[in-house]
Amino acid sequence: MYEFEFERPGSISDAVAALKTDEAQALGGGQTLIPTMKQRLANPAKLVSLTGIGEMQGVCVEDDGALTIGGATPHAVVAEKAAASYPALAALAGNIGDPAVRNRGTIGGSLANNDPSACYPAAALASGAVIVTNAREIPADDYFQGMFATALEEGEIITSVRFPVPRAANYQKFDQAASRFALVGVFVARFDDGVRVAVTGASEDGVFRWSEAEAALGSDFSAAALDGLALPADGMIGDLHGTPEYRAHLAAVLTRRAVQAAA
Amino acid sequence: MPKDSGIGASPKRREDVRFLTGTGNYTDDINLRGQAYVHFLRSDVAHGRINGVNTDAAEGMPGVVRIFTGADFEGVGGLPCGWQVTDRHGEVMQEPAHPVLAQGKVRHVGDPIAAVVAETYEQARDAAEAIEVDIEDLPAVIDMKAALKDGAPKVHDDLTSNLCYDWGFVEENREAVDEAIRNAAHVTTLELVNQRLVANPMEPRVAVGDYSRANDESTLYTTSQNPHVIRLLMGAFVLGIPEHKLRVVAPDVGGGFGSKIFHYAEEAFCTFAARQLNRPVKWTSSRSEAFLSDAQGRDHVTKIELALDGDNNFVALRTDTHANMGAYLSTFSTSVPTWLHGVLMAGNYKTPLIYVNVKAVFTNTVPVDAYRGAGRPEATFQLERVIDKAARELGVDPIALRRQNFITEFPYATPVAVEYDTGDYVATMDKLEEIADLSGFAARRAESEKRGKLRGLGVNCYIEACGIAPSALVGQLGARAGLYDAATVRVNATGSISVMVGAHSHGQGHETAFPQVVAEMLGIDESMVDIVHGDSSRIPFGMGTYGSRSLAVCGSAMVRATEKIINKSKKIAAHLMEASEADIELKDGQFTVAGTDKSVAWGDVTLAAYVPHNYPLEEIEPGLEETAFYDPANFTYPAGAYACEVEVDPETGKVTIERFAAADDFGNVVNPMIVDGQVHGGLAQGIGQALLEGCVYDADGQLLSASYMDYAMPRADDLPFYSVDHSCQTPCTHNPLGVKGCGEAGAIGSPPSVVNAVVDALQSGGHKVDHVDMPLTPSRVWAAMQG
Amino acid sequence: MPQVAMTVNGKPARGEVEGRTLLSSFLRDNLGLTGTHVGCDTSQCGACVVHVDGKDVKACTMFALEAEGAQVDTIEGQAGADGSLNVIQQAFQDHHGLQCGFCTPGMVMTAAALLKETPKPSEAEIRDYLEGNICRCTGYHNIVKAILAASGQDAGAIAAE
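From first to last, the protein sequence lines stand for chains A, B and C. Residues 1 to 263 (full-length UniProt numbering) are what the first sequence spells out, left to right. Residues 1 to 787 (full-length UniProt numbering) are what the second sequence spells out, left to right. Residues 1 to 161 (full-length UniProt numbering) are what the third sequence spells out, left to right.
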């Protein structure tokens, strides 16, 4: 990889200051960025590691019941610490990548990268999470802007993510056999005021909400409510691992399964 | 009672200790004083004309030692192909040049254009980016049939077409086969793809070239399955270095599966550059680079027709295969679709008439060569799939159809030119039915169906030709090497033994299994015997390890050399005991005189050989060291029967392997634990081919499955515990150990049973599916169910 | 060049590294601990797994500078001072859980992390935990058996079921 300057600040403010340099880039757990840099597909002049910032670590339940997860919290910690308060989210975190990846990869890194096949975007979008940065709070509905595209500005870092905890939720991931990312993943979250369904891995526009399914489930939270609903193959990803038609089909199957598991 | 030592025992592997403690010595662990590093600038287009390579800017980059291009290799030989195939018209194959660095054209993505040697690896890579390459893109040919069309772009301008050869076997049978198929009561036809695979040993390739100007000696440390073959090919054909000035060392090697048989450009480059620069030069492949530079495997497209008479006897078989060679001919590439494939088309069955046609084709892709099984998986897959399809078309039990057509008398001369010495296909099928609990399948299917899953059972047989190979025979068939092997048994003065073997162990456990044989023959403890391999300066010669040949060929050489040791040591013992040599017996490490209580110990005899104070010097020389070369009389023919049970999720198309059973006949077995392990690994690769793995290029020749992100390697959670058995043993009749070889069986025998099982499952669910091409990804299986 | 200091297998280790120096390179090239292997460049094969502050991580996907001050454990630190194999290593040998040995250091380190978390894992839990460790030789059968055995379970009986 290309050489770069490495910095590991101990506070958010130091990290923000360090990221003001030209071509500086934040480094979360590095589980995607480092392989990318090995291919010389990224060339930051400076990497600012966020792993040494204590205030960005950890999982806590707020007074309103929402779950706040520090941006630099590894997946393995979320899997353990959120198990009681938000089991569907914990299960999702506990099935990202593999154990070693989960010990390094962070929620902030995943959401900042917004890989179209990543798991966390589905959880954040279906939960109606709020992406908290050093500068502002961004509702998930505004945050995800297409494959690898987010609302983050240059130098802005995700300090935490606030998840409202639904009454019931479930995430169904269908593995892409090689990468073990989601070939398709569906997160269904049932709140008192409605149901949110987010699909990852499927669309060329990245994670999205399946509004027809949400409407159907809002009035009848059962797999049967989804009968006859289908996603169009148009705009779905087609690659070695699955055709657009297959992904559209799979999204519907997984949605039903998520509803069954959550109900 | 299982034995606790010697042949048939399963002692713990002695090599494990270093591997388990991180103290192995793999090639990348070797760092020489003053070494420089090379990075290869590789083509990012599949086909292009090189109009210029400007290295001026790169030469001045920090740390650059020297930059080499194709021009530096103009006076240097190209990488040779080791097997010349003659086509069905009696013409020799078209054989293009294969330069170390591209000259004039690039022919696949990954073709090396320039090599930057620098003080560090990253500096080399930095400088490579500053090289300006002027390449004129040319249209690429990727699809084999398109490559053979008139007017298709030519991979090699100096050849007449992209056809390497059009091979017919047995050509004299062609018309009789056509006739039999025309007149048959039933003909089952199947078109299928045996997809391209990447071998993917976990250790990527590494080469370290070293040179001593004082002695004019070159040393190459390399990740090879056969260091002597590399010495021969690189020394004689590429660089012109005589053998006595060239040492090739393959230390601990992290798996090969065929891909480390071949002589590669990077090895020749590091050896060449070390001489030019008078300093060591090291190359370590990244995994991404391996996907573009390791020879790949399989890649056949086949139409097979099986003709049966009114009683369901096989009467004729005809195949038409296109075999992808890639852009250049890798070392043994041309033999794989021919002599390792066509001659196995009889399988386990007495089909009287067989004709195999293979068109080998150049395309703008990475070269293709042997990968675990090499030709035999392709033969087995098409044959066992078409038999399964025939059984379904005829409404007969697939196992019964196979049993009805089994070869039952041995030796058996097939219509495709080989003679099976021994086997018992009924016994392995009986054993399979037992260990796979086939009688319990119906109940298991019912249970799966209760859970909404489709369950299928697939069974197949396989045969392979191993112990490659009788030199005179393969010489007639076009091999440019002999395929014997060699061993030296060096008995030291105190009785301990070093055995220098030409076979190379890169996972097979030779260091444990080979001593079992020698120790048993001499009646001494295994701990007194060590195996030396992998260094051309320490062993007499050797053709290396591939084709499940190590024990059958090199092991036989070791037996022969040990027999010579026994003969000589009996002479010494006779002298020591003042007895007739004919009366000397060797048992449990003691020499005795028959009918007396006289004895001398092994150590007394070995000491006498090296301290010959009381020694028959007028009859024999001092010392106790013997070498044998062994050239096999025939191939060996391991065979077996495999069963796979799958569940298919009808909603997603996801296939899971529920049970897998393998009943193999490997002849005699030296170390059952190691044999089990070899089968397990082969099964995982075969199941991987069936369900997961596929090497895919786009229409422009860009590799889409270029890393583990897209090339699906089998993981622990893709696979079950296997049930394996090798208690059916018909010993090989023509080698001294009666062994047949076990390394490739699992990879050869398992893909058809998986696909047969999936087809069975889908049909049980009412889907009219009679074939799905591998890999059976969920998306493909789902699409097949949609019709 | 920046300095990095950490504790490796209980002993202090330090060295000069670049920002881009991976932990795996630091272990292999600076410290000569070549038991940590590199089998891929996309963080999937797991041949490089080591423990950093008690957690299994892929040493090829972490910069050496990120391990500043950390306790790092590698395959070289697993056997006893007298060379005796630890329980997991011994089980791998007993059950033929390795062939070419290249993936083995990562397998052993991953197995150690699993057994710390789950002392008596089921077959499914073992297979799941090995998701990030690729072996091309063994077909995993004997690796799973070895880990079952290392956890004190009857591997032979479970594998035969």
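Keep in mind that the hints were calculated from the coordinates and are not lab data. A portion of the hints provided could be inaccurate.
[Unchecked claim] Here are the simulated DSS-like pairs of lysine-lysine, each with C-alpha atoms no more than 30 Å apart in a straight line:
no.	chain 1	residue 1	chain 2	residue 2
1	B	Lys587	B	Lys571
2	C	Lys120	B	Lys12
3	A	Lys20	C	Lys11
4	B	Lys3	B	Lys587
5	B	Lys149	B	Lys12
6	A	Lys81	C	Lys116
7	C	Lys55	C	Lys116
8	B	Lys3	C	Lys55
9	B	Lys145	B	Lys303
10	A	Lys46	C	Lys116
11	A	Lys46	C	Lys120
12	B	Lys3	B	Lys450
13	C	Lys55	C	Lys11
14	B	Lys145	B	Lys768
15	B	Lys564	B	Lys587
16	B	Lys598	B	Lys587
17	B	Lys303	B	Lys598
18	B	Lys598	B	Lys571
[To be verified] Short derived list, chain A residues pointing at chain C, Cβ under 10 Å:
no.	residue
19	Arg8
20	Ser11
21	Ser13
22	Lys38
23	Lys46
24	Gly54
25	Ala76
26	Ala91
27	Asn95
28	Gly97
29	Asp98
30	Asn113
31	Asp115
Bear in mind that the values here come from a model prediction, so they are computed numbers and not experimental data. Even for Gly, the Cβ is constructed at its ideal location relative to N, Cα and C.
Verification of the supplied hints:
A C-alpha spacing of about 15 Å is found between Lys587 of chain B and Lys571 of chain B, which places the hinted pair at or below 30 Å, so the restraint holds. Between the alpha carbons of Lys120 of chain C and Lys12 of chain B the distance comes to roughly 25 Å, so the proposed pair stays at or under 30 Å and holds. Proposed proximity of Lys20 of chain A and Lys11 of chain C is contradicted: the alpha carbons are some 38 Å apart, above 30 Å. With a CA separation close to 17 Å, the supplied pair Lys3 of chain B and Lys587 of chain B stays within the 30 Å bound.
At most 30 Å may separate the alpha-carbon atoms for a hinted pair to count; Lys149 of chain B and Lys12 of chain B exceed this at roughly 56 Å. At roughly 18 Å between alpha-carbon atoms, Lys81 of chain A and Lys116 of chain C fall within 30 Å of each other, so this suggested pair holds. Restraint check for Lys55 of chain C and Lys116 of chain C: satisfied, since their Cα atoms lie roughly 10 Å apart, inside the 30 Å limit. The hinted pair formed by Lys3 of chain B and Lys55 of chain C fails the criterion: a straight-line CA distance of about 42 Å is larger than 30 Å.
For the hint pairing Lys145 of chain B with Lys303 of chain B, the CA-to-CA distance comes to about 13 Å; that is within 30 Å, so the pair holds. Taking the CA atoms of Lys46 of chain A and Lys116 of chain C, the gap is near 37 Å; set against the 30 Å cutoff, the hint is violated. Using a Cα cut-off of 30 Å, the hinted pair Lys46 of chain A and Lys120 of chain C is violated, with the two alpha carbons roughly 44 Å apart. Distance hint between Lys3 of chain B and Lys450 of chain B is unfulfilled; the C-alpha atoms sit about 46 Å from each other, more than 30 Å.
Of the supplied pair hints, the one linking Lys55 of chain C and Lys11 of chain C holds, its CA atoms being roughly 18 Å apart against a limit of 30 Å. With a C-alpha separation of about 28 Å, the suggested pairing of Lys145 of chain B with Lys768 of chain B holds against the 30 Å cut-off. A C-alpha spacing of about 16 Å is found between Lys564 of chain B and Lys587 of chain B, which places the hinted pair at or below 30 Å, so the restraint holds. A threshold of 30 Å between alpha carbons decides the hint, and for Lys598 of chain B with Lys587 of chain B the separation of about 13 Å falls inside it, so the pair holds.
At roughly 70 Å between alpha-carbon atoms, Lys303 of chain B and Lys598 of chain B are farther apart than 30 Å, so this suggested pair is violated. For the suggested pair Lys598 of chain B and Lys571 of chain B, the alpha carbons sit about 15 Å apart, so the restraint of at most 30 Å is met. The closest approach between the C-beta of Arg8 of chain A and any C-beta of chain C is roughly 7 Å, which is under the 10 Å cut-off, so the hint is satisfied. Given the 10 Å rule on beta carbons, the hint for Ser11 of chain A is violated: about 17 Å separates it from the nearest Cβ of chain C.
Checking Ser13 of chain A against chain C by beta carbon gives a least distance of about 20 Å; that is not within 10 Å, so the hint is violated. With 10 Å as the threshold, the beta carbon of Lys38 of chain A comes within range of chain C, its nearest partner Cβ sitting at about 5 Å, so the hint holds. Proximity of Lys46 of chain A to chain C holds as hinted, the smallest CB-CB distance being about 8 Å (cut-off 10 Å). The beta carbon of Gly54 of chain A is not positioned within 10 Å of any beta carbon in chain C (closest approach about 14 Å), and the interface hint is therefore violated.
Because the smallest distance between the Cβ of Ala76 of chain A and any Cβ of chain C comes to about 7 Å, under 10 Å, the interface hint for this residue holds. Checking Ala91 of chain A against chain C: minimum C-beta separation of about 13 Å lies over 10 Å; hint violated. Given hint, Asn95 of chain A at the interface with chain C, holds; its Cβ is 9 Å from that chain's nearest Cβ, closer than 10 Å. For Gly97 of chain A, the suggested interface contact is upheld, since its CB lies about 7 Å from the closest CB of chain C, less than 10 Å.
Contact between Asp98 of chain A and chain C, as hinted, is supported at the beta carbon level, the nearest pair being about 3 Å apart and thus within 10 Å. At about 14 Å, the closest approach between the beta carbon of Asn113 of chain A and any beta carbon in chain C exceeds 10 Å, and the interface hint on this residue is violated. Hint status for Asp115 of chain A: violated, given a least beta-carbon distance of 13 Å to chain C, over 10 Å.
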